[in-house]
Amino acid sequence: TKCVHLPPEVTATSRHYVDRLFDPDPQKVLQGVIDMKNAVIGNNKQKANLIVLGAVPRLLYLLQQGSSSSELRAECAVVLGSLAMGTENNIKSLVDCHIIPALLQGLLCPDLIFIEACLRCLRTVFISPVTPVQLLYTTPEHQTVLFNHGAIQNIAPLLISPSYKVRMQALKCFSVLAYENTQVSMTLVNVLVDEELLSQVFVRMMQRDQPIDMQLTAAKCLTYMCRAGAIRTDDSCIVLKTLPCLVRMCSKERLLEERVEGAETLAYLMEPDVELQRIASVTDHLVAMLADYFKYPSSVSAITDIKRLDHDLKHAHELRQAAFKLYASLGSNDEDIRKKITETENMMDRIVSGLSESSVKVRLAAVRCLHSLSRSVQQLRTSFHDHAVWKPLMKLLQNAPDEVLVMASSTLCNLLLEFSPSKEPILESGVIELLCSLTQSDSPALRVNGIWALMNMAFQADQKVKGEIVRALGTEQLFRLLSDPDSNVLMKTLGLLRNLLSTRPHIDQVMSSHGKQIMQAVTLILEGEHSIEVKEQTLCILANIADGNTAKELIMTNDDILQKIKYYMAHSNVKLQLAATFCISNLIWNEEDGSQERQDKLRELGFVDILHKLTQASDPNLCDRAKTAMQQYLA
Amino acid sequence: MDAMAELGAGSLLLGDPAFNYQEAELNERLKRLYPAVNEDETPLPRSWSPKDKYSYIGLSQNNLRVHYKGHGKNHKDAASVRATHPIPAACGIYYFEVKIVSKGLDFLSSLLPLSPIPGWDKHSYGYHGDDGHSFCSSGTGQPYGPTFTTGDVIGCCVNLINNTCFYTKNGISLGVAFTDLPPNLYPTVGLQTPGEIVDANFGQQPFVFDIEDYMSEWRAKIHGMIARFPIGERLGEWQAVLQNMVSTYLVHHGYCATATAFARATETLIQEDQTSIKNRQRIQKLVLAGRVGEAIEATQQLYPGLLEHNPNLLFMLKCRQFVEMVNGTDSEVRCFSIRSPKSQDSYPGSPSLSPRHGATNPNLHSAGADSPTCSNGVTPPNKNKSHNKYPGVSSASSSSSSSPSSVNYSESNSTDSTKSQPHSGTSNQEETSDSEMEIEAEHYTNGVAENPSARIMNGTYKHQEILQAQDISLEDSCASRQLCGGNQAATERMIQFGRELQGLNEQLCREYGKNVTHKKMLQDAFSLLAYSDPWNCPVGQQLDPMQRENICSALNSAILESQNLPKQPPLMLALGQATECVQLMARVRSGSCSFARVDNFLH
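Sequence order for the protein chains is A and B. With full-length UniProt numbering as the guide, the letters of the first sequence map in order to residues 1 to 635. With full-length UniProt numbering as the guide, the letters of the second sequence map in order to residues 1 to 603.
No lab work stands behind these hints: they were computed from the structure. For each residue, glycine too, the CB sits at the ideal point set by N, CA and C. A couple of the hints might just be wrong.
Unchecked claim - Facing chain B, from chain A, some residues (calculated, C-beta under 10 Å):
1. V247
2. V274
3. R278
4. V282
5. D284
6. M289
7. K391
Said to hold, decoys possible - In silico DSS-like links for lysine-lysine, alpha-carbon gap of 25 Å or less:
8. K252/A - K221/B
9. K99/B - K165/A
10. K69/B - K99/B
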């Protein structure tokens with residue numbers, strides 16, 4: 001399918017070499033490969049031609065075939081190695097053809113000459129800057145393969161090699177192996193190097209007089225082992241060694257690259273643990289230290305040193321995103337820390353401008369930071385409102401990659417909470433359409449956030465807003481969401497329905513226009529295989545419907561639903577019993593029109609007996625609820 | 001301050017074994033943390049001072065526990081106590097911790113400079129437990145760190161290199177609290193409410209915070225600073241200086257071939273001619289091999305007049321010669337047992353003539369103090385001052401210098417010393433050794449007959465022979481040790497030599513007055529004879545071949561000086577000066593001195 005532009009005469013000779021690889025006679029194939037080898041040596045043009053003509057896949061095929069003679073396989077590897085010696089483009093093409101796994105597989109062969117040829121070729125490929133070395137071991141599969149082949153036992157002794165370079169490479173290797181890999185991490189903690197636990201070896205490497213690179217990488221290893229669950233977060237090697245080491249890496253004295261890595265690793269280390277967040281927040285003025293990350297390029301560097309300016313500019317984005325990440329992690333749980341962060345010099349302004357930066361990485365990190373801070377009621381009420389963060393946030397939502405959208409919409413959910421002063425202006429900005437479009441996304445996280453935001457928006461909203469939500473979303477979409485495979489989406493959609501169906505006039509209005517579909521959806525959910533929480537939420541919707549004036553009748557006339565309510569009143573789960581009882585209680589409430597008829601009908605259906613039984617229930621809430629309901633009959 | 005030191009010692013008398021153990025641990029830890037601190041000059045804080053405290057403060061547990069016993073109604077009831085001593089600058093980095101045993105309403109951990117009464121308001125620095133604020137010379141605090149309460153361990157680290165301070169909480173550094181701190185701060189704590197109790201740890205126990213790790217960073221920083229000290233344009237100049245230092249060092253110690261090779265490679269010139277270097281090397285080898293008599297002869301032969309002008313040096317050499325006679329290594333006694341090479345001693349410690357370095361070498365530091373170029377202006381000790389003014393020549397020295405085979409020399413000298421023997425008994429302290437000398441001296445005449453031949457034989461040595469002899473003796477260094485090699489005649493010769501030495505001392509006394517050093521030297525040397533096994537006796541140390549190094553370098557320096565060459569190699573001068581500078585830094589409160597110790601750079 002490739003379009004080939006080559007002079008015909010060149011193509012002809014090159015074509016000949018390739019054609020010979022397809023000869024049915026293995027002997028002739030071997031000779032063809034040998035001739036090809038001689039033809040490409042030192043001839044970059046010939047190499048490029050052969051690659052374009054598709055020699056690589058065929059060579060790889062021959063190399064991998066068990067039926068090929070070991071001589072042929074070795075010659076193939078030699079030719080591939082020769083091709084790799086050409087331009088960077090050659091190497092790219094070879095890597096694209098998945099040469100690396102084929103060569104690695106070749107290392108398992110018992111033939112030493114073949115292994116040597118494979119190794120030579122691998123060496124050539126990996127020496128090139130265009131080959132990402134991570135190809136070797138970043139995926140979990142690679143980690144497992146290396147693990148299964150004894151990488152840990154073989155590399156561990158290198159950690160105490162007299163050569164710094166060797167120690168460093170071994171350390172780097174462990175940091176890649178342990179990353180998000182429980183199996184590797186669990187093994188690492190028990191490894192002994194010269195009768196010393198590996199974690200202690202890492203701790204020694206973090207000593208302050210060690211080279212920075214070594215301190216940082218050792219801290220990464222321990223961080224990954226901790227995150228993988230192999231080391232407790234309250235272990236002293238984490239609290240007193242790894243964390244302070246990473247904080248030191250954030251200091252002004254470190255190189256910009258080191259500060260970026262330090263901050264990112266620290267953010268990752270403490271993400272799930274509030275105690276570590278608290279410790280980090282008081283260590284060496286970290287929160288204030290991070291403010292310096294935003295001061296690049298500095299005004300001084302611009303004037304004094306053009307090289308420095310270039311360097312600063314290059315790292316400015318990385319620094320900012322790293323700082324935002326770390327702030328996000330620091331502030332994810334503790335209210336005091338969030339306060340400390342927002343009180344840091346110009347912090348909210350920095351986040352706001354970060355939201356509209358050209359670098360996606362910075363925007364993502366800024367919105368993550370904003371999201372973390374938006375979990376604070378106090379911040380929502382104060383700094384968020386003062387800095388009108390909703391404006392850039394809304395702009396961000398218009399056009400952003402999914403990753404950014406997820407965080408931004410999640411932040412918006414918090415900004416739409418009823419006590420947030422930003423709720424009003426956001427509503428006025430016409431966000432509903434945008435949120436409705438999110439609910440149609442392929443990403444479950446975006447669907448959840450879209451519907452969640454709508455749910456928050458509908459909470460205690462006036463009729464106009466509710467109407468707009470229903471209209472914009474469309475009943476069809478609403479009911480599609482009610483059958484969403486993601487239970488979070490379902491829960492939030494039910495939540496939205498519940499919020500729409502609050503206060504009597506709203507209930508009657510919504511039910512009069514969409515009653516049929518809603519009752520259908522409710523029936524389906526109650527019949528389906530759903531979690532207790534989903535069913536409880538659904539029963540609560542029924543209870544709301546039962547609170548309407550006209551809406552009540554939709555339940556009273558639906559025997560199927562009534563049977564289901566009865567079933568849930570006798571359910572083993574108290575929460576479901578409570579919600580179902582609440583629904584009946586609303587239906588038989590005395591002060592409303594037609595209550596007598598409804599009471600009679602429900603008595604006939606045996607509800608009174610059930611209520612009577614429930615007054616004896618061990619759960620005090622359920623017991624009270626049943627008694628209140630029974631009183632309606634007595635009055 | 002003295003009173004306080006006594007109080008500290010007084011509490012030791014309580015005889016609490018746990019405390020004694022703790023005291024030992026404290027000493028060991030303080031030594032490790034602050035090796036540059038000279039506690040004779042600047043003692044380290046070890047406890048709270050019972051003298052420098054408010055009356056509301058109570059002390060217990062060896063003055064480490066502080067409790068509040070006031071009313072605690074308002075800020076006026078705040079009370080504090082400070083440590084016995086201020087923090088010495090030579091610490092470089094100082095650290096102490098306080099554990100909050102029981103918290104009241106308010107707690108302050110602080111530092112303050114020297115002042116008659118401890119108090120917060122003026123020049124004090126603190127970290128407030130209630131609101132986590134830091135305060136500095138004023139009542140209003142700055143937001144600094146977290147609050148702290150019962151069970152927390154609060155640490156305070158003073159960095160005397162950059163004059164900053166940071167606190168720690170439960171082993172976590174809270175970041176710099178103060179900058180531009182003044183010198184002479186005292187560790188201090190303040191309490192304000194009844195029931196408050198805090199325990200101090202000045203090093204009695206391991207610290208929660210890893211202070212040694214922090215120190216290692218600063219050590220590395222300062223070493224890096226020294227290693228990367230910018231020399232800019234003067235690179236060539238520095239190279240020449242360094243080459244000169246290496247070259248002169250090699251020449252000084254007589255590494256002739258190495259020095260020549262070095263000079264060739266670096267295209268530099270050697271000031272001294274090769275023969276002179278070789279001569280010095282030959283003499284040094286003799287001294288280091290314990291053959292001091294031959295060394296003296298060689299010196300007299302090659303540098304006539306040198307020892308005559310340095311009677312102190314000659315005396316030292318002769319004293320050493322006596323010791324070597326006891327040892328059985330000096331040629332004067334070795335010749336008697338020439339058939340038994342096993343008795344020949346050697347120089348097992350350092351056969352290659354290499355001078356030793358590092359803290360063990362007492363020469364190193366005195367070299368610095370001696371140095372006339374020392375910027376600090378330390379006056380050189382005057383131990384060898386008189387040598388230039390020596391007016392006359394003693395008969396003993398002159399006769400020995402005239403001929404290496406002088407039989408008369410020994411005879412006439414011995415007669416002299418025999419005669420003078422009774423006079424030397426004036427000193428009470430010398431009576432023991434004197435009486436022993438008398439007894440042994442009765443056999444003296446026996447040794448004379450054999451003596452001349454041996455001296456002649458020895459007097460005709462060649463350079464190669466010395467080396468060969470040394471080579472041989474190296475192999476046999478494990479011989480059994482006996483007085484003068486176990487030879488009767490040799491012993492008698494030694495006794496005779498002892499008398500000569502005694503005579504020389506008296507002569508020197510007459511001419512220059514009493515010399516305490518000489519007297520002690522002589523006394524020590526003679527004391528060797530009082531023991532049946534001199535090698536295992538209280539003064540046996542003298543017999544150690546290591547002891548030859550001092551006299552060897554003194555002789556070498558004297559020769560060099562006589563040739564108008566520096567008596568100390570510039571390298572040693574530079575080392576001495578650097579050592580002195582570091583000590584001076586401690587006195588002028590430059591904290592980095594603790595991490596710039598000269599011995600860190602000597603391997």
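Now the hints, each set against the structure:
no., hint, verdict
1, V247, "holds, 8 Å"
2, V274, "violated, 14 Å"
3, R278, "holds, 8 Å"
4, V282, "holds, 5 Å"
5, D284, "holds, 4 Å"
6, M289, "holds, 8 Å"
7, K391, "violated, 31 Å"
8, K252/A - K221/B, "holds, 15 Å"
9, K99/B - K165/A, "violated, 43 Å"
10, K69/B - K99/B, "holds, 18 Å"
The structure shown violates the earlier hints numbered 2, 7 and 9.
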